[in-house]
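Q: Here the protein sequences line up with chains A and B, keeping their order. Numbering follows numbering that gives the first Met the number 0, in which position 167 of the first sequence is assigned residue number 166; successive positions increment by one, without gaps. Numbering follows numbering that gives the first Met the number 0, in which position 24 of the second sequence is assigned residue number 23; successive positions increment by one, without gaps.
These are computed hints drawn from the structure, not numbers from a lab. Predicted model only: the values in this text are computed from it and were never measured. Please note that the accuracy of each hint is not assured.
Listed next, with one range per pair, are the computed distances between beta-carbon atoms [said to hold, decoys possible]: (1) B:77 with A:491: 47 to 53 angstroms; (2) B:66 with A:58: 26 to 32 angstroms; (3) A:491 with B:66: 42 to 48 angstroms; (4) A:132 with B:63: 46 to 52 angstroms; (5) A:58 with B:77: 23 to 29 angstroms; (6) B:93 with A:28: 31 to 37 angstroms; (7) B:93 with A:7: 30 to 36 angstroms.
Think of the CB as a built atom: it goes at the ideal place given N, C-alpha and C, for glycine as much as any other residue.
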Amino acid sequence: MDRLGDSLRTTFRRILLWLRRGRLDDDLRDEVGLHLELRRQALIDAGMDAQEAAAQAHRMFGNATAIREETREMWGFPSIDTLVQDVRYGARLLRRSPTVTIASIVSLAIGIGFSAGVFSLADVILLQYLPVQAPHELLVFQWRSGPRYPFSSLSGTSWGDDTTQRSTSFSSEALHRSRLQARDVVEVFGFAGLDRVSLGVDGIAELGEATGVSGNYFSVLGLVPAQGRLLVESDDRAEAPPAAVITESLWKRRFNSSPDAIGRTLVVNATPFTVVGVAPPSFRGTGQVDDSTDVFVPLAYKRQIFPDRGNPADPNDWWVLMMGRLKAGSNPELARARLDAILKQTVRAARPDTPDPDLPSVEALPGGRGQAQVRDHMREPLKMMSIVVAIVLLVGCANVANLLLARGRARARELSVRIALGAPRRRIVRQLLTEGMILAACGSGLGLLGARWIASALLPALHTGPDALTITTSLNLRLVAFVAALASVCVVFFALVPALRSTDASLVQGLHEAGRGSATGHRRRGLSATLVISQITLSMVLVATALLLVRSVRQLQQVDLGFDPSRVLTFKLDPGLNGYKEERVVDVYSRILERLRTAPGVEQATLSNQTLVSNSANVIVAARTDEPVVDRASVDRPAFTDSHLAWRLAIDSHFFETMGIRIDRGRAVDDRDNRASQPVAVVNYALARQLFNTDDVVGRRFRTESRSGPPLYEIIGVCTDAVYSSLREAKTPTMYVAYRQHGAGPMTLEVRTAGDPAAFAPTAREIVRSVDPNLSMYRVRTQEQQIAASVSRERLFATLAAWLGGVALTLSAIGLYALLAYMVALRTGEIGIRMALGADRGAVRWMIVRQSLLVAVCGVVFGIAVSAAGTDLLRALLFNVEPRDVATLALSAAIIFVVTAIAGYIPAQRASRVDPIIALRAE
Amino acid sequence: MGKKKHARQELLPGTLDMLILKTLSRDVMHGYGIAEHIRQMSDEVLQVEEGSLYPALQRLQLQGLIASEWGHSINNRRARYYRLTRAGRRQLGESESSFARLIDAITRVMRPA
Numbered sequence: 000m001d002r003l004g005d006s007l008r009t010t011f012r013r014i015l016l017w018l019r020r021g022r023l024d025d026d027l028r029d030e031v032g033l034h035l036e037l038r039r040q041a042l043i044d045a046g047m048d049a050q051e052a053a054a055q056a057h058r059m060f061g062n063a064t065a066i067r068e069e070t071r072e073m074w075g076f077p078s079i080d081t082l083v084q085d086v087r088y089g090a091r092l093l094r095r096s097p098t099v100t101i102a103s104i105v106s107l108a109i110g111i112g113f114s115a116g117v118f119s120l121a122d123v124i125l126l127q128y129l130p131v132q133a134p135h136e137l138l139v140f141q142w143r144s145g146p147r148y149p150f151s152s153l154s155g156t157s158w159g160d161d162t163t164q165r166s167t168s169f170s171s172e173a174l175h176r177s178r179l180q181a182r183d184v185v186e187v188f189g190f191a192g193l194d195r196v197s198l199g200v201d202g203i204a205e206l207g208e209a210t211g212v213s214g215n216y217f218s219v220l221g222l223v224p225a226q227g228r229l230l231v232e233s234d235d236r237a238e239a240p241p242a243a244v245i246t247e248s249l250w251k252r253r254f255n256s257s258p259d260a261i262g263r264t265l266v267v268n269a270t271p272f273t274v275v276g277v278a279p280p281s282f283r284g285t286g287q288v289d290d291s292t293d294v295f296v297p298l299a300y301k302r303q304i305f306p307d308r309g310n311p312a313d314p315n316d317w318w319v320l321m322m323g324r325l326k327a328g329s330n331p332e333l334a335r336a337r338l339d340a341i342l343k344q345t346v347r348a349a350r351p352d353t354p355d356p357d358l359p360s361v362e363a364l365p366g367g368r369g370q371a372q373v374r375d376h377m378r379e380p381l382k383m384m385s386i387v388v389a390i391v392l393l394v395g396c397a398n399v400a401n402l403l404l405a406r407g408r409a410r411a412r413e414l415s416v417r418i419a420l421g422a423p424r425r426r427i428v429r430q431l432l433t434e435g436m437i438l439a440a441c442g443s444g445l446g447l448l449g450a451r452w453i454a455s456a457l458l459p460a461l462h463t464g465p466d467a468l469t470i471t472t473s474l475n476l477r478l479v480a481f482v483a484a485l486a487s488v489c490v491v492f493f494a495l496v497p498a499l500r501s502t503d504a505s506l507v508q509g510l511h512e513a514g515r516g517s518a519t520g521h522r523r524r525g526l527s528a529t530l531v532i533s534q535i536t537l538s539m540v541l542v543a544t545a546l547l548l549v550r551s552v553r554q555l556q557q558v559d560l561g562f563d564p565s566r567v568l569t570f571k572l573d574p575g576l577n578g579y580k581e582e583r584v585v586d587v588y589s590r591i592l593e594r595l596r597t598a599p600g601v602e603q604a605t606l607s608n609q610t611l612v613s614n615s616a617n618v619i620v621a622a623r624t625d626e627p628v629v630d631r632a633s634v635d636r637p638a639f640t641d642s643h644l645a646w647r648l649a650i651d652s653h654f655f656e657t658m659g660i661r662i663d664r665g666r667a668v669d670d671r672d673n674r675a676s677q678p679v680a681v682v683n684y685a686l687a688r689q690l691f692n693t694d695d696v697v698g699r700r701f702r703t704e705s706r707s708g709p710p711l712y713e714i715i716g717v718c719t720d721a722v723y724s725s726l727r728e729a730k731t732p733t734m735y736v737a738y739r740q741h742g743a744g745p746m747t748l749e750v751r752t753a754g755d756p757a758a759f760a761p762t763a764r765e766i767v768r769s770v771d772p773n774l775s776m777y778r779v780r781t782q783e784q785q786i787a788a789s790v791s792r793e794r795l796f797a798t799l800a801a802w803l804g805g806v807a808l809t810l811s812a813i814g815l816y817a818l819l820a821y822m823v824a825l826r827t828g829e830i831g832i833r834m835a836l837g838a839d840r841g842a843v844r845w846m847i848v849r850q851s852l853l854v855a856v857c858g859v860v861f862g863i864a865v866s867a868a869g870t871d872l873l874r875a876l877l878f879n880v881e882p883r884d885v886a887t888l889a890l891s892a893a894i895i896f897v898v899t900a901i902a903g904y905i906p907a908q909r910a911s912r913v914d915p916i917i918a919l920r921a922e
Numbered sequence: 000m001g002k003k004k005h006a007r008q009e010l011l012p013g014t015l016d017m018l019i020l021k022t023l024s025r026d027v028m029h030g031y032g033i034a035e036h037i038r039q040m041s042d043e044v045l046q047v048e049e050g051s052l053y054p055a056l057q058r059l060q061l062q063g064l065i066a067s068e069w070g071h072s073i074n075n076r077r078a079r080y081y082r083l084t085r086a087g088r089r090q091l092g093e094s095e096s097s098f099a100r101l102i103d104a105i106t107r108v109m110r111p112a
């Protein structure tokens, strides 16, 4: 104890001394000066002459410099001092060879920057906890059932296959009972994304997102408001005064972050809410990572906000999400079992005929990160990105290793001298590692600066939804720790090996080595060659990947659309948000379309319930009326479904003219097709042949299995095949139905213009406003932009791979160049002899180029092997291109050969210019 | 000069610290004063290489056995004065007794029985 105290005290004193060491140096000099002066004086007093006295004083004192040195050593932590010394020395050396230094730092910065960018995305998407109290106590609940649905309608996310269904949506009844009956084991709370709503402040409406929450939501999460108060239990009743909590972003956007916002009125759809508080800044809800909510309202108000969406209290309508916080002493299994019993009970009550095996069972998952399905979607592309950036980082490190190795050779003599003078090898290795650390630190710093920018550039590649994903990545401790760890690994990889190698040379050899191919020389060259070959291998993989992706995007862009996307402007409207009934919605659409059609510069205008090529579609089952109904539970069901899928698009009149799709038989949908008349459909050739095996189908009828729309359609026309939801799915069997017979929800309006479609957007906005000032247009794009956006992920991956492939190839070329240049320098003597003996320049040049080609061949062969092994990862991203496409691999190989030949030519040229006389004299 | 050198006695290793502590046990002194005191007290037999005094002073200070502060010498120059700390005094006691035992033992071996 006492010893520990002593050593702590000593350490503390040393730190103080070290910090003040400049002062101490001066003090010591003064002290020594005084000593010498006093001694001189004493000697003079004893009768010595002045000059002799000064010399004698010095003699008696001893070596003042050595003594100062000894004292100074005592002050410092020797390790800190040597570290500082190493860093200074290293920095000086690095400054002396700026090309190598800059090349190394840039290589590392690229590798580390991209790694950090991908990591910060992964961090936000996969790792980050909700900013709530004790997030690890939270659970997310979902259920699993057999193929038979335990509800009549569901909104939210559901997934599964032919035998099981899973979803996170529950009925409000299940939520209510769970809150009451499971209280002793888990505090359950509910919430639901209420979708797009209109948010009115001071009479100005904008579209936004609302989340409904149960009364205990904020208190169970343990959140503290930024302003005002959060919602409480008493707000969550239909008869309570409507209260809303807004998010920081809405507060800023609509209320200028003013504290006066509290108490103001926010009109959500048609219901006026009082703003009672602002949620904490970092809190964006407990939903999916891509959820962005603007306002939290009590769940009890769902019905009033969406009067047309049925009764939220209906136990057969499942729409609310459930999470819970475990009570102390409880465990997830206890909570799960309790909720499982409650859910089964509510389903039994609501659907008494459900057989026991079909009752859904509850699953409880860790909820600290909120709902997670979107994250799962992003896992694959993230993995792909991680692999690509890891390759670049490896190539970068290999490059730095090679540069350091080459410099190590250049410094062989210096290092040998230092070893000969008694520097321990450990000390020199540490010196070289310090240099590596300086490089890594610079590279990491630059990389960190770029990481955020890279992350936001990569984000669109992860998410294919219709709206942009907003994720804010920030410079946090985890990221810095990750980068530091990465940099350390890099240092070990690129600096330790060269350091060990460079100090490995025996003394005598190092001093004597002129490098005439001694055994160690060979070994070191072997290491360099291995590094270069692995660089070329990895570059080959990236180049081949990039080419495959680029070809795939080209293929996608060359897909025969079957319609004409040029000069078409699209935008969406949702009049239902203003609380309009169906007839009024249809009326609004009709009047807007009428005015659009007569506007100057417009050739035609129409609408559809989905935007074409937006990766979303309404896919249902369609069958002939004479085909038997196959029960959902039947084993034949999956096969039946697969062969009877139909893509349904609800449209208005003039759709085919506007989009340039040809009607070959019969007629198009027009204004005669309304609620009162027979439901009609125009089918494309693909659907006509799928159903009836003939094109002659006008007048025939078919049935559909769908939760919405009429069950029976009459075919009124046949059109040519056109792309509907995605470029990857050309010629899907498609039925075009009249939207008036189908329900008028949010719609995409399509306007074919005579000139630039984008230039028409302001006019369109005016027309919409003139018909109804409460309507807002959203997702305004030309059809061509829409198509480009639908393949943005593929394009981004292709661009990313192409860029990084280029970077990797450039780095490898530099590595190869450095290796060959070194070899030429090493063999100058040999080349001189060869030339003196009559070898011509061509032969010498070929000798070097042959080396580079040999390395390239090895790299290409390994590269093909590695690409072949990794093709499965790529397959999902490719369209109409085989991952083992021979032409692509051949082209990549050709690119590698050309680049390596160029990298090899310069040293070869230099070798061929060796003057035998000078070379031999240098020996 | 050469003659005088022979009369000088090298210090036993490890005894310099003890001599410094002993010297400071009487008075607060600066470096030159300590060196001079040791020289005079030993009738100029013990010859400290004066410079080696300073690393020793630093070491003792780091160990917390002595402390120092700046003052002015008689001729009004900036001088650092060293004094014994309580730990130093304790250390001096221990060194003195163990040194005494050592000398005693050596004397007994050296004196013919």
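Q: What hint numbers does the structure not satisfy?
A: 7
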